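*Asks:* Just need the whole structure built from these sequences, with the hints factored in.
So the sequence shown is residues 14 to 223, counted in my numbering.
Just so you know, the hints here were simulated from the structure itself, not pulled from any lab data. It is possible that part of the hints are untrue.
Stated by the list, open to error - Label pairs and their calculated CB-CB ranges:
hint	residue 1	residue 2	range
1	Tyr75	Ser140	19 to 27 Å
2	Glu93	Glu161	17 to 25 Å
3	Ser177	His122	14 to 22 Å
4	Ala162	Tyr76	34 to 42 Å
To be verified - Simulated pairs of lysine-lysine, BS3-like, Cα-Cα distance not exceeding 27 Å:
hint	residue 1	residue 2
5	Lys109	Lys195
6	Lys169	Lys195
7	Lys169	Lys109
Owing to the predicted nature of the structure, the values given are computational and were not obtained by experimental measurement. By construction, the Cβ of each residue, glycine as well, lies at the ideal position given by its N, Cα and C atoms.
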Amino acid sequence: MTPRCLRAKVWYINQTAEHAVQDRRQIILEAALATLREEGYLGFTQPRVAARAGVRQSHLTYYFPTRLALIEAVARTAIEGQLAAVDAFAGESSPKVTAASIASVAMRHENTRVLMALAQAADEEPSIRSLFRELAEGVAVRITRMLEAMGLVVTKEHVSMVHSLVVGLAVIELAVGRTDAKRRATVAIETLFSLFPTEDSKEPTRRAKS
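*Replies:* Listed below in structure tokens is the structure:
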């Protein structure tokens with residue numbers, strides 16, 4: 014075998030091994046996320062995740078040596094997924110469409126379970142608290158973008174009101190399990206939007222002052 018062929022073979026073997034590692038890590042993360050959704054933070058254990066992923070616990074600890082390392086990785090995955098879901102409609106100009114889109118995301122109970130579990134983890138682990146703060150800041154940025162796209166006046170208070178309402182709706186509807194949760198959430202969010210002044214409504218005041 015020529016040196017060039019040997020290098021090519023080594024490269025191929027390394028690439029294959031790297032993909033295998035990434036695939037196994039992804040399988041473990043998906044199993045961990047599913048475990049967190051179903052069992053909550055207290056039931057989130059390495060043996061349960063390993064069993065769901067179909068790997069030995071020694072394999073799991075190779076990628077994630079501690080329970081904290083595993084839940085940090087799950088938190089990162091959940092945060093990225095949540096922000097990506099909001100990014101899909103953050104530039105929508107219609108309050109009605111935006112409200113329905115927010116409600117669709119917020120009423121996914123599996124996501125609410127994960128966020129509640131991570132909130133509990135954040136109360137105990139500073140590293141999770143930092144990630145949770147990153148999620149809150151990321152959501153605030155996207156709410157700002159939404160309000161701007163709809164032509165509404167943006168203030169820190171408006172952003173906080175939207176965020177608080179959506180989180181509250183998600184938690185309440187998870188607890189009560191109403192069949193019309195999405196409709197209720199849509200109406201509540203759209204009503205809140207209607208209470209905010211529009212940028213256009215500020216123009217006459219600006220002209221009068223000038």
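*Asks:* Does each hint fit the structure? Answer for all of them.
*Replies:* Each hint, compared with the structure:
1. Tyr75 with Ser140: 19 to 27 Å: holds (20 Å)
2. Glu93 with Glu161: 17 to 25 Å: holds (23 Å)
3. Ser177 with His122: 14 to 22 Å: holds (19 Å)
4. Ala162 with Tyr76: 34 to 42 Å: Since the Cβ atoms of Ala162 and Tyr76 sit about 40 Å apart, the hinted range of 34 to 42 Å holds.
5. Lys109 with Lys195: holds (13 Å)
6. Lys169 with Lys195: holds (26 Å)
7. Lys169 with Lys109: Judged against 27 Å, a Cα distance of about 22 Å means the pair holds.
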